[in-house]
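Based on these hints, arrange chain B on the given structure of chain A.
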Amino acid sequence: GQNIDQPTEMTATEGAIVQINCTYQTSGFNGLFWYQQHAGEAPTFLSYNVLDGLEEKGRFSSFLSRSKGYSYLLLKELQMKDSASYLCAVRDRYGGATNKLIFGTGTLLAVQP
Amino acid sequence: DVKVTQSSRYLVKRTGEKVFLECVQDMDHENMFWYRQDPGLGLRLIYFSYDVKMKEKGDIPEGYSVSREKKERFSLILESASTNQTSMYLCASSLPPGQGRQPQHFGDGTRLSIL
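Going down the list, the sequences are from chains A and B. As numbered in the numbering used here, residues 1 to 113 make up the first sequence, in order. As numbered in the numbering used here, residues 1 to 115 make up the second sequence, in order.
This is chain B alone, in the form it adopts within the complex:
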């Protein structure tokens, strides 16, 4: 089974802090994704990566950056946390689409509160 592990289930930080959310997958997947999930808005893509050191902006990248130095690890960085970044953050990984159905596999999520 694919295992996607997010470093924290719950996190509380203060406005202006630099926040790091870590995600590790154990299936040698090329693709990794960061989403945030808010009531009524569904899953919105922040950033994704299709290979080591490669990254692309998703639909809502403002206020975030990412790092992918190793294939198994994809980090989301809040440069200067703000209260409107309070949300559930979900990491996912998958193989490229050319190799079949290849669903995205999700971690358990990090519920981040910015005070």
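One chain only, chain A, in its complex shape:
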């Protein structure tokens, strides 16, 4: 079957570092996406990994290990505005011409002063 797991909620302190984990089991793999979603708003694209290793983009980094079916999103120098849900999504290799994604249920991050 296809399954994506991530923690439901996390709390962190302003200025700190937080790591949000995602594990997946899918029939095929053609990339992993992280999205940020503020309450009442649309998900917005944060990062993409298709090869093993770390992708860094400013305060946000994302890591992938395909052999372990594992990814994490690392947020540094946390700000209050980083309070949001973070969604992990996997693209199935067998999607063909489509760009179908399988989403996890999201991790709600609360940043405290």
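These aren't lab readings, by the way, just hints derived from the structure by calculation. Check each hint, because a few of them may be wrong.
Said to hold, decoys possible - Going by beta-carbon spacing under 8 Å, a handful of chain A positions derived as facing chain B:
hint, residue
1, Asn30
2, Gly31
3, Tyr48
4, Ala84
5, Leu87
6, Lys100
7, Leu101
8, Gly104
What the hints assert, rightly or not - Using 30 Å as the maximum straight-line C-alpha spacing, the simulated DSS-like pairs for lysine-lysine come out as follows:
hint, chain 1, residue 1, chain 2, residue 2
9, B, Lys13, B, Lys3
10, B, Lys3, A, Lys81
11, A, Lys57, B, Lys3
12, B, Lys71, B, Lys55
13, B, Lys3, B, Lys18
14, B, Lys70, B, Lys3
15, B, Lys3, A, Lys76
16, B, Lys55, B, Lys18
Only a predicted model underlies this, so the values are computations on that prediction, with no experimental measurement involved. Just so you know, even glycine gets a beta-carbon here, dropped at the ideal spot from N, CA and C.
What follows is chain B alone, placed relative to chain A:
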């Protein structure tokens, strides 16, 4: 920037009504998607389309249909609305995966309440 526009942010309808949710994208994307998002269940795919007049069922198509007569527009239809279809509905679009990372770009969502 990609712009995905959903026709309504909030919508209230009655049980049994036929409901139309409209989505328009301005980036000539081949792929378009309809999701619903419910607390604790995440984003669940209802239907998607990879070209004009082409459609495929997602994970939860029951009670819904779709229409894609033009490339830029993808409509979700609730044939006979029921209270369990009260939800946040999100539309997304993207290029095909063969052209790189190609994330899905989302509209602001329609919060639909069925009374």
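Consistency of the hints with the structure:
{"no.": "1", "hint": "Asn30", "result": "6 Å, holds"}
{"no.": "2", "hint": "Gly31", "result": "7 Å, holds"}
{"no.": "3", "hint": "Tyr48", "result": "4 Å, holds"}
{"no.": "4", "hint": "Ala84", "result": "14 Å, violated"}
{"no.": "5", "hint": "Leu87", "result": "7 Å, holds"}
{"no.": "6", "hint": "Lys100", "result": "6 Å, holds"}
{"no.": "7", "hint": "Leu101", "result": "6 Å, holds"}
{"no.": "8", "hint": "Gly104", "result": "6 Å, holds"}
{"no.": "9", "hint": "Lys13/B - Lys3/B", "result": "27 Å, holds"}
{"no.": "10", "hint": "Lys3/B - Lys81/A", "result": "23 Å, holds"}
{"no.": "11", "hint": "Lys57/A - Lys3/B", "result": "23 Å, holds"}
{"no.": "12", "hint": "Lys71/B - Lys55/B", "result": "12 Å, holds"}
{"no.": "13", "hint": "Lys3/B - Lys18/B", "result": "27 Å, holds"}
{"no.": "14", "hint": "Lys70/B - Lys3/B", "result": "16 Å, holds"}
{"no.": "15", "hint": "Lys3/B - Lys76/A", "result": "29 Å, holds"}
{"no.": "16", "hint": "Lys55/B - Lys18/B", "result": "20 Å, holds"}
Hint compliance for this structure: hint 4 is the single one not met.
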